[in-house]
Amino acid sequence: MNEKPIKFASEQVDTEVNKENLENLDSLLNDELKQLPAGINSSKLLQPKSKTKLFKAFVVSLTGLITSAAIYEAWLFIQQMFAINPILGGIVSALVGVVLVTGIGSLIKGRVKSKRLSKREILRAELKTLDANETYGKARSKLEDISQEFQQEVDISKSLAIFQQSAQQSHNDSELIKIYSDQVLAGLDKLALEAINKHATESAIMVALSPLAAADMALVAWRSSKMLQEISRIYGCPQTAFGRLGLTKQVATNLMLAGASELIADASVELLGKSVAATVSTKVAQGIGVGILISRFGIQTMRLCRPIEFTEDSRPKLGDVRKLITTKVVAMITTKKKNQVLKQGEKDD
Amino acid sequence: MGVKQQIREAVELVERGLDKNVRICVTGLSGSGKTAFITSLVNQLLHQKSSTTLPFWLAHAEKRVLAVKLIPYNDLHIPEFPYAESLQAIENRLWPSSTRNISQIRISVKYQIKNKWIKKLQKTSHLNIDVIDYPGEWLLDLPLLNLDYENWCLLFNDWVSKGKQANLSLEWLNSFSSDTGQISKTDIKGLSESFRQFLLKCKTSEEAIEFIQPGRFILPGDLEGAPVLDFFPIPANANVDKNGEAYKILVQRYEYYRDNVVQPFFKEYFSKVDRQVLLVDVLKVLNQGFDSYKELQQTLSKLVTSFNYGQTNWLKRMFQPKINKLIIAATKSDQVPPEQHMAMKSFLAQMLMDAENQVSYQGVNVNTLVFSAIQVSESVTAEHDNKRISCVKGVELDNGEDVVNYPGKIPVEPMTRKQWNEQEFNFINFAIPDLTTDRQLPHQRMDRLIELLVGDKFL
Chain A
1 MNEKPIKFAS EQVDTEVNKE NLENLDSLLN DELKQLPAGI NSSKLLQPKS KTKLFKAFVV
61 SLTGLITSAA IYEAWLFIQQ MFAINPILGG IVSALVGVVL VTGIGSLIKG RVKSKRLSKR
121 EILRAELKTL DANETYGKAR SKLEDISQEF QQEVDISKSL AIFQQSAQQS HNDSELIKIY
181 SDQVLAGLDK LALEAINKHA TESAIMVALS PLAAADMALV AWRSSKMLQE ISRIYGCPQT
241 AFGRLGLTKQ VATNLMLAGA SELIADASVE LLGKSVAATV STKVAQGIGV GILISRFGIQ
301 TMRLCRPIEF TEDSRPKLGD VRKLITTKVV AMITTKKKNQ VLKQGEKDD
Chain B
1 MGVKQQIREA VELVERGLDK NVRICVTGLS GSGKTAFITS LVNQLLHQKS STTLPFWLAH
61 AEKRVLAVKL IPYNDLHIPE FPYAESLQAI ENRLWPSSTR NISQIRISVK YQIKNKWIKK
121 LQKTSHLNID VIDYPGEWLL DLPLLNLDYE NWCLLFNDWV SKGKQANLSL EWLNSFSSDT
181 GQISKTDIKG LSESFRQFLL KCKTSEEAIE FIQPGRFILP GDLEGAPVLD FFPIPANANV
241 DKNGEAYKIL VQRYEYYRDN VVQPFFKEYF SKVDRQVLLV DVLKVLNQGF DSYKELQQTL
301 SKLVTSFNYG QTNWLKRMFQ PKINKLIIAA TKSDQVPPEQ HMAMKSFLAQ MLMDAENQVS
361 YQGVNVNTLV FSAIQVSESV TAEHDNKRIS CVKGVELDNG EDVVNYPGKI PVEPMTRKQW
421 NEQEFNFINF AIPDLTTDRQ LPHQRMDRLI ELLVGDKFL
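Those protein sequences? They're chains A and B, same order as listed.
Just so you know, the numbering used here puts the end of the first sequence at 349, numbered straight through with nothing missing.
Just so you know, the numbering used here puts the end of the second sequence at 459, numbered straight through with nothing missing.
If we strip away everything but chain B, and leave its shape as in the complex, we get:
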């Protein structure tokens, strides 16, 4: 039996080798720049021929990349990544619309083989790169897999009673207390909706609460309006008969959500992934302060544990983890003067040290990087109080004005709470300038990202 399995695995390995496919999953919390990243990635690859700004993509620097094109992919049930629409948006000087659902795109790269042994067999080969985009919020549902409805309610009530979410939850909790009697079957729809409103409020409020379960309540994808999302945890103050019909429906829907939405998602997308990209918007937390920083840090640590499935045996058997590389990348580096990129990188590394440790311990290769998928600003030096300071110049997104911005100095060392309060930051979101999409988009370090992601695949 053991030998048989080994042979089967070996055959599979050879096939994978011949298959020349690499599956890359891109995730990140909403607003971290996933769509812009994938659009830019596809754009850089498609325009590689005339490109001079990809010196760190080695196969390209060696002039071994012959041609790149988009090809149809096999997983027909996944929607296609809206590349053309995104480009069109950029042409109209708008940021492409954000990721609300899972999507996929496949790029095929034809290249010359460098390896002197393989070269004897064939001169050229191709590599199919599958890029899969999904909301990072969905990953936060991983703990649900181990919870039944009752325990989930307990955990949720614990979460609601603490921190900033306690204030925001009042309205939702009130909708229960006004309902003095038993929760009946007909109330479920309305209460679910107010539960969802509460979660959305957590996400969009100034408190920027990131750790929100269940993830699909915020980004439902194609489940919008489906009855599976019509459930809610029973708050401590509510009075529910555990043998009643309403309770049974809630349990049933929760279990359906867990078994038919969350589990297949993890099973399907994590069983086949080779490389994972996690995009992080560190500038947002720098703008918002210490509490947001802590919140993001904790959320990302939890999120990263879902890449770290090797822990328990049953999970291992189920998902057969194959991620061998995790790239944690801070996006929007064009909002920061280039001399601070190094500080930005160390800030990212410090923030995610714990998460990185967990993943690297499992034998996954972790890299951190600071990049900008679409560079929309210019780095300039300005004179202020007889001092030369390096700033970024661009069009402010909110009001469309031309500005030169010095965003504050990102510290190299970790900051204390006091320092966080004293230090001010003002990173500005820039609008897209007038760009042509017939040539490659301006970027910062996309070439390094490409090299990290797939560089080793160009034999």
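With the rest of the complex left out, here is chain A:
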């Protein structure tokens, strides 16, 4: 309590316009946490340690073995080539060099972007606490970092400009996060939803038309993997093939863990979709079912990739996607049938 007020004449003191990282305001407890017992929401089950030390050692040594074998092979190969002709050897070694550099380079680059996804979870938690505590001056730099990540994949210059215009010096972290979510992320959400719509309807139609069950499964796997890639790219954390596998696993776990209410709501939507479609044909109903599953996948992926949690209002609703899929598939199938009838009529003529 000894912070005395000070007044300077304007010329005496150098000032700069405030942007970020001011003196920290004493972090306040979140209002919800203030209610006792405070610990009630803070306990959390830790992830089980899935990989034992032995297994890790095995992986490391195996990788070492394969790499050394590969280096040895390459070395022998280059030597052989040199033995045949020095020019040939030179070309081959140059090729090996280029392969190594580009390969490792792209691997690292992909890895860096891929890694962003795992950072997103931490970031989301950080932004959530900032939002709840109404601190000042901490969120801006974080949001700028996120924007940079987005900008590598998506053109958000316009919405970013609007955000920068609306964000005032006086806004605290909570307000900034809300504005950012409304002005910048809303656009990305829309893109992601469009992608989900596209992939879900495509696969719904494909399944509805395909005659083989095995082909259906392959289709679903293919389309959903494509969709995951697209959504993760939209949110600035594109996944490598390997990372996509991890993401798929995460999404699937999240789908399983989704709250019961959500499940019930989703299930009723599915039932509704099917019952409408089942009047047309079972195959169509299957198609719609698959479409809805894929869109659920997509929405869950959005949730994992988004740096700021969805609010109740901004949460994408499965119902919207469902309606679109149903109408599209049903419309397509009925026109197809109509065409068939017409063709048959022509033949009869």
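Keep in mind that a hint or two might mislead.
Claimed, not checked - No more than 25 Å apart at the CA atoms, straight line, and that leaves these computed lysine to any residue pairs for SDA-like:
hint: 1; chain 1: B; residue 1: LYS457; chain 2: A; residue 2: VAL13
hint: 2; chain 1: A; residue 1: LYS323; chain 2: B; residue 2: LEU94
hint: 3; chain 1: B; residue 1: LYS63; chain 2: A; residue 2: GLN165
hint: 4; chain 1: B; residue 1: LYS387; chain 2: A; residue 2: LYS158
hint: 5; chain 1: B; residue 1: LYS116; chain 2: A; residue 2: THR311
hint: 6; chain 1: A; residue 1: LYS7; chain 2: B; residue 2: LEU94
hint: 7; chain 1: B; residue 1: LYS49; chain 2: A; residue 2: VAL13
hint: 8; chain 1: A; residue 1: LYS158; chain 2: B; residue 2: ARG439
hint: 9; chain 1: B; residue 1: LYS114; chain 2: A; residue 2: GLY105
hint: 10; chain 1: A; residue 1: LYS7; chain 2: B; residue 2: HIS384
hint: 11; chain 1: A; residue 1: LYS7; chain 2: B; residue 2: CYS153
Claimed, not checked - Quick list of the computed label-pair ranges, beta carbon to beta carbon:
hint: 12; chain 1: A; residue 1: VAL13; chain 2: B; residue 2: LEU170; range: 45 to 55 Å
hint: 13; chain 1: B; residue 1: THR52; chain 2: A; residue 2: VAL154; range: 16 to 26 Å
hint: 14; chain 1: A; residue 1: LYS128; chain 2: B; residue 2: ASP148; range: 55 to 65 Å
hint: 15; chain 1: A; residue 1: ASP313; chain 2: B; residue 2: GLN122; range: 49 to 59 Å
hint: 16; chain 1: B; residue 1: LYS63; chain 2: A; residue 2: ALA213; range: 39 to 49 Å
hint: 17; chain 1: B; residue 1: GLU91; chain 2: A; residue 2: ARG111; range: 22 to 32 Å
hint: 18; chain 1: A; residue 1: VAL154; chain 2: B; residue 2: LYS294; range: 50 to 60 Å
hint: 19; chain 1: B; residue 1: PRO414; chain 2: A; residue 2: ARG111; range: 51 to 61 Å
hint: 20; chain 1: B; residue 1: HIS77; chain 2: A; residue 2: VAL154; range: 50 to 60 Å
Said to hold, decoys possible - Pulled a few chain A residues facing chain B out of the computed Cβ check, cut under 8 Å:
hint: 21; residue: PRO5
hint: 22; residue: LYS7
hint: 23; residue: GLY137
hint: 24; residue: SER141
The set of hints was computed from the structure by calculation and includes no laboratory data.
Beta carbons: idealized from backbone N, C-alpha and C, even for Gly.
Starting from the known structure of chain A, arrange chain B on it as the hints suggest.
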């Protein structure tokens, strides 16, 4: 009978729904920034089209607001809010003149409907926002409604004998003792005037006494000079014949004031209000110290009880309370570095916790907010003793000099009397910089206030 009344109420409800009106009353003690707030509110709404600084007004962020204009209102007996004059004052780099009387302004907002059911019936709709401005001092007259003249005198004498007002009242009390004989009819005018001078002195003195009855003696509005204000309580030391003519006149005038000034005011303005905004200048009490803080706290608690009419049945019948939202807002946040806004908000919430409880208990939705209607300073960081401190920069109102001010740190926790004495604050009133009024005025959180006030009305 009961059914009939219910039907009538239902019809009224539908009409209200179709009417699309919302009445907002703005009040606060003098100097809390009512005029600046309404000027800025109207200004923000009128300039919404090109505005980029209203992200929290959802209907606007969704680009659903089509057009806004000022329209004439129906209550023709209420003076119009001087919007044009206020803007002109701002253009001339002066703060708009303060609220001395009741006034009203009506803004009509045309917007696109979002609700998917109503959208099927009509695409666009409009909302008429009535903003009514009146001095908060008038609300302090509410207890008078239950008092007759004799009891009022007793209460008043009790009040005068205590606290800081006791010193200030000496001069007024002396004017009685010099008058050794009976108070006659002809003395009333002069004694009333000295009574009024005493009340004004309480208000303007450094002690900053806020709880002053009767409120119109300080801000008479259109009653300036009217004989209804020529009365006073009889102090304990005065010698008055209760059967005399002078006493009868005093009783008559008091009752006239109570029945024809105070009661109609409450009846008229509280029977129709939908939302109430209470503006509070917390920085003034931080500057002035513990005693002013307590005084303001008590005054505001009393003032807020007048929003809380549901208590007794006869009052309920009379006023039919309709306030469903109360927004308590601390003004002039631009005098405080933004990182302290959160502390300012919790200071406000702590100060008015009791008042807020009373109102929320009645089912009124209470929100607190920190905002600045017209932002006249800039937030900057300055280097001092090798420490970076965040300050505000602006033109000081008193002497017109450019200053960078660190006003002291607003505590997050409530302060004890000792801490109040140790902690110094220096919040400076800033002058209006060179602004154009052809675009929206700079502000802090006006958009949140708009959303809280009328956001839910944009279906």
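Item to check | Hint numbers contradicted by this structure | outcome: Structure breaks hints 1, 2, 4, 7, 9, 11, 15, 17 and 24.
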